[in-house]
Amino acid sequence: MSARSGLERTLLGGKFAVTAEIGPPKSASAESVRRHAHEMKGSADAFNLTDNQTAMSRMSSIACAAVLIQEGLEPVVQMTCRDRNRIAMQSDILGASALGVRNVLCISGDHQTFGNMKEAKNVYDVDSVQELMILRKMRDEGRLWSGDELETAPELFLGAAANPFADPFEFRVTRLAKKVKAGADFIQTQSIYDMDRFERWMALVRARGLHEKVHILAGVMPLKSHKVALYMKNKVAGMMVPDTVVERLKSAKDAKEEGIRLCVEQIEHLRTIEGVKGVHIMAMAWEEKVPEIVKRAGLRP
Amino acid sequence: MIIGEQKRLEEISGMLDGHRGILIAGCRSCVAICLAGGEKEVAVMAESLRLISSLRGKGWEIEEAMVERQCEKEWVAELRPRIEGKDCVLSLACGVGAQTVQAMYPRVRVLPGLNTSNMGAPEESGIFVEKCGGCGDCVLHLTGGICPIARCAKSLLNGPCGGSQGGKCEVSPDTPCAWEEIYHSLESLGRLDLLEEPIPPKSWLPARDGGPRRIVRKEAVLTEEQKRLKGGKA
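So the protein lines, in turn, are chains V and B.
Just so you know, the first sequence maps onto residues 127 to 427 in my numbering.
Just so you know, the second sequence maps onto residues 122 to 355 in my numbering.
Don't read these hints as lab results, they were simulated from the structure.
Cβ coordinates follow ideal geometry from the N, Cα and C atoms, glycine included.
Certain hints may be false.
Calculated lysine to any residue pairs in the SDA-like style (CA-CA distance at most 20 Å, straight line) [said to hold, decoys possible]:
1. B:323 - V:358
2. B:323 - V:249
3. V:359 - B:239
4. B:289 - V:364
5. B:289 - V:357
6. B:323 - V:272
7. B:289 - V:362
8. V:247 - B:131
9. V:353 - V:411
10. V:350 - V:415
11. V:247 - B:239
12. V:361 - B:289
To spell it out: a stretch of chain V is covered by chain B in this simulated footprint if at least three of its residues, at any positions, have a beta carbon under 8 Å from a beta carbon of chain B; those stretches are [stated by the list, open to error]:
13. 179-188
14. 241-254
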């Protein structure tokens, strides 16, 4: 099978993949995206552009992806089901493809009540599993969901999210299987801090043979301080941060350095888990640290 | 049943400004059960508004009336003598009731005293919970008798999303995760197999998205002849 994106090529080649996240700016200028691109170039195989993360309007992920492509980086466009119906979704995929986007991550998206426009109406015409079905049909059959034929089908490497820290735990692997059935080629997980739970989840993933059907990239997020850790633990939906992590950062002389060290250790551990094909680094508002993390973890020069 | 709750008194008072002859019309159906527009609530509303009127010199003349079901013309017709001489009706029924009254008495302004919220049920004394999304294409047979359209904040058909933790929805710690409930319901029914297959995109055509809905039961529709025989009554 020929690779549809650089990320897929890396994964098919058996190389441990690295993806990293870039947060689009609350700005009409893409200057910060270009800056991040220069800082991070070469440190990952592809770069996720979040889609109005935490339900706040930011520069469109597709527009940011186009900027990344201009700068010679490969984007992963995140597309939530919160803000678009199936009509807009397919139209945006055609547009993104025309701009050179190949990797798309299908996600349901944070509920709008997390954001700063809580009074907004959400869409949720389809969910993330159905989004995968629609995009796979566009790619594999060259047709819109309606059945209409596309003159040119999009070439897509389809991603989905998985959260081993959400409940019900036993069902999380079934839901992953559902996403694979619906068309997911790769998975990026929620940030991992509770390594025991992640290991248990991976064991269930392997028991169903899913690690051979989908490329799993384990999510990590470096923490700047114990306050950030507490925020993640208490305020962010679907996160699980053990007290040992909070304590380690609290008692560290240099919390930032400790946060980076912890992240590097996590990556080293994750590499040893059977079925983990790469890492996804979410250095929120700390993007400039990604090259250092990747280097110290020995993933890239 | 339809669940509603009263608007704030200040808002109602604002709507009534400039009116004089006011009839407060309650409903003995759903909104009586959810303690928003039954006989007692109508009496309390009337007293509150009389107090506001005398304190602020509004000059409101307030009367009270109860309708068995404000959504049905036959019952609303009985209001006719009570509405005569009034220039406004404050409906404490759901939005359906208020519209029925307005349609039958086009010369009188009908004001909504309630905010109509949802199709739900009493959970326990004093607590009313949304149950049905009215999507026009029921999926309860696939979801263990729990409606994901109404009860999942994202109306997911392949939930739960990554925000479900400890049985709670990411939106609020007071909201149970519908998909956690669906999972456990199907588990106790021995039908977890129903969660293995992706449910494809839903048609929202029978839902509100297909435009205002109208259901016709042909066998019950009267012919012109039958309507004439009925005597042109409302």
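Original post:
So which hints don't hold here, by number, going up?
Top reply: Hints 1, 3, 8 and 13 contradicted; others consistent.
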